[in-house]
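Please construct the entire structure, taking both the sequences and the accompanying hints into account.
2 protein chains.
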Amino acid sequence: MAKNRNISMAVIRRLPKYNRCLKELLDKEIYRVSSKELSGILGFTASQIRQDLNNFGGFGQQGYGYNVEELYHEIQKILGLTKDYKAVVVGVGNLGQAIANHTNFEEHGFKILAMFDINPTLIGLQIRGTPVHDMRELGDYIKENNIEIGVITTPVQVAQGVADELVEAGIKAIWNFAPVDLKVPDNVVVEDVHLNESLFIMSYLIKEQELLKSLEDEENQK
Amino acid sequence: MAKNRNISMAVIRRLPKYNRCLKELLDKEIYRVSSKELSGILGFTASQIRQDLNNFGGFGQQGYGYNVEELYHEIQKILGLTKDYKAVVVGVGNLGQAIANHTNFEEHGFKILAMFDINPTLIGLQIRGTPVHDMRELGDYIKENNIEIGVITTPVQVAQGVADELVEAGIKAIWNFAPVDLKVPDNVVVEDVHLNESLFIMSYLIKEQELLKSLEDEENQK
Numbered sequence: 000m001a002k003n004r005n006i007s008m009a010v011i012r013r014l015p016k017y018n019r020c021l022k023e024l025l026d027k028e029i030y031r032v033s034s035k036e037l038s039g040i041l042g043f044t045a046s047q048i049r050q051d052l053n054n055f056g057g058f059g060q061q062g063y064g065y066n067v068e069e070l071y072h073e074i075q076k077i078l079g080l081t082k083d084y085k086a087v088v089v090g091v092g093n094l095g096q097a098i099a100n101h102t103n104f105e106e107h108g109f110k111i112l113a114m115f116d117i118n119p120t121l122i123g124l125q126i127r128g129t130p131v132h133d134m135r136e137l138g139d140y141i142k143e144n145n146i147e148i149g150v151i152t153t154p155v156q157v158a159q160g161v162a163d164e165l166v167e168a169g170i171k172a173i174w175n176f177a178p179v180d181l182k183v184p185d186n187v188v189v190e191d192v193h194l195n196e197s198l199f200i201m202s203y204l205i206k207e208q209e210l211l212k213s214l215e216d217e218e219n220q221k
Numbered sequence: 000m001a002k003n004r005n006i007s008m009a010v011i012r013r014l015p016k017y018n019r020c021l022k023e024l025l026d027k028e029i030y031r032v033s034s035k036e037l038s039g040i041l042g043f044t045a046s047q048i049r050q051d052l053n054n055f056g057g058f059g060q061q062g063y064g065y066n067v068e069e070l071y072h073e074i075q076k077i078l079g080l081t082k083d084y085k086a087v088v089v090g091v092g093n094l095g096q097a098i099a100n101h102t103n104f105e106e107h108g109f110k111i112l113a114m115f116d117i118n119p120t121l122i123g124l125q126i127r128g129t130p131v132h133d134m135r136e137l138g139d140y141i142k143e144n145n146i147e148i149g150v151i152t153t154p155v156q157v158a159q160g161v162a163d164e165l166v167e168a169g170i171k172a173i174w175n176f177a178p179v180d181l182k183v184p185d186n187v188v189v190e191d192v193h194l195n196e197s198l199f200i201m202s203y204l205i206k207e208q209e210l211l212k213s214l215e216d217e218e219n220q221k
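Going line by line, the protein sequences match chains X and C.
Sequential numbering from 0 applies to the first sequence in numbering that gives the first Met the number 0.
Sequential numbering from 0 applies to the second sequence in numbering that gives the first Met the number 0.
Take the hints with a grain of salt, since some may be wrong.
A pair holds if it fits inside one copy or across any two, identical chains being indistinguishable in the list.
Under the rule of at most 25 Å between Cα atoms (straight-line distance), these lysine-lysine pairs were calculated in the PhoX-like manner [said to hold, decoys possible]:
1) 110 <-> 82
2) 182 <-> 35
3) 206 <-> 142
Read the hints as simulated data drawn from the structure, not as lab findings.
Below is the structure:
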């Protein structure tokens, strides 16, 4: 356990990719894999892969490669995916509903028990089995049901207020989809999904690609 | 222009944060800002900020700080946000609808002209003004309307097939929400939003936070 404490966040951010890749190998009943084969699938260099996986103990054996099952379970453990989490979604728009209905999250142990909104026409409804409660019940619900994760899919203007309520009620983590940097105490985890930022990066990459193409075209005309 | 060519991707990935922060300052009619003030808002160090912004030319002036408007427009230009993009969404589930209805994207110049699905009960509908077309029309639609961006919000099993069709039709970029690493030619941009990966990172951070807390509790009992 103590061994994991010094793993850099850069390595951690690559673990979900290993996790997915190993799961796919297991699904194909492949139980042994070399760093070179992993490199072919993941696009990281074999040396990077060996270095990353060395952080977690001696799984690779010279001339044998990695035991896919062992490695998969170890990464699941490191990522904290061997336990279940209880979550609520705040903000019942399209995005909130998309997240509540994403069966894949439940398969990974993230159970969304309820959604919350201020809109009276939504309150009391069940959306594909998930009840929509009044925002005013948020704090009590979290405390009574030991909810660990709050998902914020509200408009940006109210996101910090919602975060404050979640923190006040004792939430452990916030999965934030509102384009704002939430202020929360140090012991509360915030993981952001800033769709705008992703879109802007794509825009930059398109522009770069166009520039590259125009330079090549120029070159070809010479 | 040539100056931008060597900016690292790490700097580029921070630009959307600068962009958002500068926009907020402009909305508050703040036209001048120091790297120290930016540091307070963004959480990067002032020295990191000066280094980042130096990449784009001499905007900062000793004792004056940055001209917010100039810097904002320069970053908009670098990110390619001064032009409009035409996009289509493939896969009309909750997530696809959430993205098509996200008014914020349109404000930034990303116009979603149509959605595509194989479900006959959806084809022909207008969802908040955006028409749903038959998947079989995807290629022709892209070519006829000079669509630059394809958003993939389909189930993972069909995502690569959709990407192949988009590429075949001449798309410039794919915004991919399916949990798979798409294979596309080098000149096609792929920007992934892997929600699962974000969830797994959050799970890891919760686990780390719990570990930290239990260590502190032990310490306090001594």
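Practice problem: Classify it for me, residue 182 with residue 35: is the Cα-Cα distance of at most 25 Å met within a copy, between copies, both or neither? | Solution: between (43 Å within a copy, 19 Å between copies)
Quiz item: Is it within a copy, between copies, both, or neither that the alpha carbon of residue 206 lies no farther than 25 Å from that of residue 142?
Solution: between (48 Å within a copy, 20 Å between copies)
Quiz prompt | Alpha-carbon proximity between residue 110 and residue 82, which holds within one copy, between copies, both or neither at 25 Å | solution = within (11 Å within a copy, 41 Å between copies)
Against the hints set out earlier in the document, no violation occurs for any number.
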